[in-house]
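Trainee: These are the residues of each chain, in order.
Number of protein chains: 2
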Amino acid sequence: MNQFRRNPVTGQWSIILEEYDIKELIATKHVRKRIGEKKGAGKCNFCSGSEADTPPEIFSIRHNDSQKNQAGWSVRVIPNRQPVLQIFGDLNNRGVGIYDVLDGIGAHELVIEAPDHNLQFPNMELSQIQDVLAAYRERILDLKRDQRFRYVVLHKNYGEGQVEVVNHSHSHIIATPITPTRVKYELMSAMEYYRYKERCLFCDILYQELSDDERVVAANDKFVAVSPFASRSPFEVWLLPKLHETFFEFNNDHPALAAILKDILQRINTTLNNPNYVMVLHSGPNVATGKLRGYWRTLERDYHWHIEITPRFRGFASFDVGSGFPINAISPEHATKILKEEKII
Amino acid sequence: MNQFRRNPVTGQWSIILEEYDIKELIATKHVRKRIGEKKGAGKCNFCSGSEADTPPEIFSIRHNDSQKNQAGWSVRVIPNRQPVLQIFGDLNNRGVGIYDVLDGIGAHELVIEAPDHNLQFPNMELSQIQDVLAAYRERILDLKRDQRFRYVVLHKNYGEGQVEVVNHSHSHIIATPITPTRVKYELMSAMEYYRYKERCLFCDILYQELSDDERVVAANDKFVAVSPFASRSPFEVWLLPKLHETFFEFNNDHPALAAILKDILQRINTTLNNPNYVMVLHSGPNVATGKLRGYWRTLERDYHWHIEITPRFRGFASFDVGSGFPINAISPEHATKILKEEKII
Chain A
1230 MNQFRRNPVT GQWSIILEEY DIKELIATKH VRKRIGEKKG AGKCNFCSGS EADTPPEIFS
1290 IRHNDSQKNQ AGWSVRVIPN RQPVLQIFGD LNNRGVGIYD VLDGIGAHEL VIEAPDHNLQ
1350 FPNMELSQIQ DVLAAYRERI LDLKRDQRFR YVVLHKNYGE GQVEVVNHSH SHIIATPITP
1410 TRVKYELMSA MEYYRYKERC LFCDILYQEL SDDERVVAAN DKFVAVSPFA SRSPFEVWLL
1470 PKLHETFFEF NNDHPALAAI LKDILQRINT TLNNPNYVMV LHSGPNVATG KLRGYWRTLE
1530 RDYHWHIEIT PRFRGFASFD VGSGFPINAI SPEHATKILK EEKII
Chain B
1230 MNQFRRNPVT GQWSIILEEY DIKELIATKH VRKRIGEKKG AGKCNFCSGS EADTPPEIFS
1290 IRHNDSQKNQ AGWSVRVIPN RQPVLQIFGD LNNRGVGIYD VLDGIGAHEL VIEAPDHNLQ
1350 FPNMELSQIQ DVLAAYRERI LDLKRDQRFR YVVLHKNYGE GQVEVVNHSH SHIIATPITP
1410 TRVKYELMSA MEYYRYKERC LFCDILYQEL SDDERVVAAN DKFVAVSPFA SRSPFEVWLL
1470 PKLHETFFEF NNDHPALAAI LKDILQRINT TLNNPNYVMV LHSGPNVATG KLRGYWRTLE
1530 RDYHWHIEIT PRFRGFASFD VGSGFPINAI SPEHATKILK EEKII
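First to last, the protein sequences are chains A and B. Those letters in the first sequence? Residues 1230 to 1574, per the numbering used here, in order. Those letters in the second sequence? Residues 1230 to 1574, per the numbering used here, in order.
Since the hints were derived computationally from the structure, they do not count as laboratory data. The structure displayed is predicted, hence computed values, not measured ones. Don't take each hint at face value.
Remember, identical chains collapse to one label, so a pair may be satisfied in a single copy or spanning two.
[Unchecked claim] The calculated DMTMM-like cross-link candidates involving lysine to aspartate or glutamate, where the alpha carbons are at most 25 Å apart (straight line), are: (1) K1413 with D1329; (2) K1566 with E1248; (3) K1569 with E1248; (4) K1471 with E1570; (5) K1297 with E1286; (6) K1566 with E1247; (7) K1471 with D1329; (8) K1566 with D1329; (9) K1426 with E1529; (10) K1569 with D1294; (11) K1566 with D1332; (12) K1569 with D1371; (13) K1426 with D1482; (14) K1426 with E1570; (15) K1471 with D1345; (16) K1572 with E1248; (17) K1572 with E1247; (18) K1426 with D1329; (19) K1471 with E1427; (20) K1569 with E1247.
Next up, chain A with everything else stripped away, as it sits in the complex (with noise of 0.2 Å):
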């Protein structure tokens, strides 16, 4: 069974597979997984239509009398074929000397966003985006409900990702028994900030942004838009609730959300020629689950759920991994300004 398992010297959990082919990771041509791949004229395993050919559905989204399994949806939730984790069994959280291991036990979910092969979002209707959201809060409400999950993550890599060619507009949604170290030094600072100042610290961004207005790309009534202070890469967005909130899948201004991702990933896709990118959700973490409930006392207080979006350009890359500092060639005011007015470069 896979495992996860902590370094004790950086703090991070890594998830170890148990097997894998050593000739396809070192080829030099790697053949890449695809995912939600057209074969010739026809339709890709995503497309409506192609049901027979997933796993059977967990969730859906039909706005007629279509049955479950058969065309007629709008946005479709089925499990990985070959998940990293596996959904039965118990976690065997256990030491190995000085070493901290658990069972690879999770869930991992694909979100189909349209039964159209050709629908992004910044194409979609409205509507449609609005039915990807509810499924998103559906299925965290749901994996939430097992208590052996402490985070549900919810990503998304549009574009050639590295590990598998991706065309059929789709996000995984991946339940792990550990919350993700990034996350964690996130809730770490927001419950410092909040000892410190007994104020959310995104709120205090978000004020803070508002009226500088140097870095806000886009606002409506319930969302704003930045480029963060001291952004990773370039034209990294965040976008945050403008009123404090926790967990997204309390947030029912799904219209508003809706109009601000499509704005947003219009933008980058007009002014940046069309970037890959990858945009992750950071709600607060299963409050379900016991241990949470104790340390976490702050929580509803001090973190702000936000989605966070970085486009990824071929070529100029972190050169973090050396040097531990994230160098980004574009100020955020920069980028900003370019958003804001969609320059076309």
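Fit chain B to the known structure of chain A by using the hints.
Mentor: Using the frame of chain A, we list chain B on its own:
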């Protein structure tokens, strides 16, 4: 001027460049910076005999009567012609509302590791590698005399990097006014472990690894090379001195270190078909800076310098940007077996 900026949410510092060619950044076919590359059949800038084509040297090792900036050197250190950090100026450590900013002050040097264009660590003489280690030591000691610098990062990107095409063997030395986030977390883990156990975390890891003998790739009387228990990527290897030592730059076992370094890089080269890799030295921070003296009271007892080597394979890279967990396809035990037996895949 370039700036260090801290993200208050993640705690991470980025270096934000003042000016960069956006067109170059988003071009589909990005032209990489080519460093140390031969022009046709001629010599590259880094080759012996091309000394006039580089900025004047900061340091060199010469076993003959040759003059500075002339041929005859064994290892040569020069300033980076396009440094991301500049050496002159004050840090101007300041707040901008809730954010933290420092001017982009630092040093960025290149260590040219051999006069011959085609020589890489696996085929260097041990005496040549010892010269390289001596150059690393001298530069780190010298840079740490500057009280503005809290940390000196030494790293090497072998093979085709994402930002530059590298041919002639070289490493980067970057002195920074901030400890990189990754190193800081390491220092904090080590400190916490020491407070709890009154033993060095790394010494305990070494003890367990040598007893288990499942992840020890190689060892000599002074050094051990292990696959970390929770390695982040396939065939990651850490080199540690057997006896507790905080600072690389005070180590005198260069013959043994050169031998194990050459051995490991040779194994990686042979068994994995000459992959790209990143090598980073993790030594203690600069204790000459006033602030460190107080904070890291137990530093010399709890921190243990080491070298991290991470091969980078095309096609299979970190899923971690999205999921928050590095997924490692080859278990460290399996990787150890392959490297130990030098099994050609």
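Trainee: Confirm or reject each hint.
Mentor: Going down the list of hints, with the structure as the test:
Taking the closest pair of Cα atoms, K1413 and D1329 come within 25 Å of each other both inside a single copy (17 Å) and across two copies (21 Å). For the homomeric pair K1566 and E1248, the shortest alpha-carbon distance between copies (14 Å) is at most 25 Å, but the shortest distance inside one copy (47 Å) is not. In this assembly of identical chains, the alpha carbons of K1569 and E1248 lie at most 25 Å apart only when taken from different copies (19 Å versus 47 Å within one copy). In this assembly of identical chains, the alpha carbons of K1471 and E1570 lie at most 25 Å apart only when taken from the same copy (22 Å versus 58 Å across copies).
Taking the closest pair of Cα atoms, K1297 and E1286 come within 25 Å of each other only inside a single copy of the chain (7 Å); across copies the shortest separation is 71 Å, beyond that limit. Taking the closest pair of Cα atoms, K1566 and E1247 come within 25 Å of each other only across two copies (15 Å); inside a single copy the shortest separation is 47 Å, beyond that limit. Taking the closest pair of Cα atoms, K1471 and D1329 come within 25 Å of each other only across two copies (23 Å); inside a single copy the shortest separation is 39 Å, beyond that limit. Taking the shortest Cα distances, K1566 and D1329 sit within 25 Å of each other only across copies (22 Å), while inside one copy they are farther apart (46 Å).
Taking the shortest Cα distances, K1426 and E1529 sit within 25 Å of each other inside one copy (15 Å), while across copies they are farther apart (34 Å). Taking identical chains as interchangeable, the C-alpha atoms of K1569 and D1294 are never at most 25 Å apart, the minima being 42 Å within one chain and 61 Å between chains. In this assembly of identical chains, K1566 and D1332 lie within 25 Å of each other by CA distance solely across copies; the values are 23 Å between and 47 Å within a copy. Proximity of K1569 to D1371 under the C-alpha cut-off of 25 Å is found in neither arrangement, the shortest distances being 37 Å within a copy and 46 Å between copies.
Proximity of K1426 and D1482 under a CA criterion of 25 Å is satisfied in neither setting, with 28 Å inside one chain copy and 50 Å between copies. In this assembly of identical chains, K1426 and E1570 lie within 25 Å of each other by CA distance neither inside one copy nor across copies; the values are 36 Å within and 57 Å between. In the homo-oligomer, the alpha carbons of K1471 and D1345 never lie at most 25 Å apart, since the shortest distance is 33 Å inside one protomer and 60 Å across protomers. For a Cα distance limit of 25 Å, the shortest separation of K1572 from E1248 across copies, 17 Å, qualifies, whereas the shortest one inside one copy, 48 Å, does not.
For a Cα distance limit of 25 Å, the shortest separation of K1572 from E1247 across copies, 19 Å, qualifies, whereas the shortest one inside one copy, 48 Å, does not. Taking the shortest alpha-carbon separations for K1426 and D1329, only the inter-copy value of 16 Å comes in at or below 25 Å, while the best intra-copy value is 35 Å. With identical chains, the CA atoms of K1471 and E1427 are at most 25 Å apart within one copy only, with a shortest distance of 18 Å there and 47 Å across copies. Taking identical chains as interchangeable, the C-alpha atoms of K1569 and E1247 lie at most 25 Å apart only when they sit on different chains, with a minimum of 19 Å there against 47 Å within one chain.
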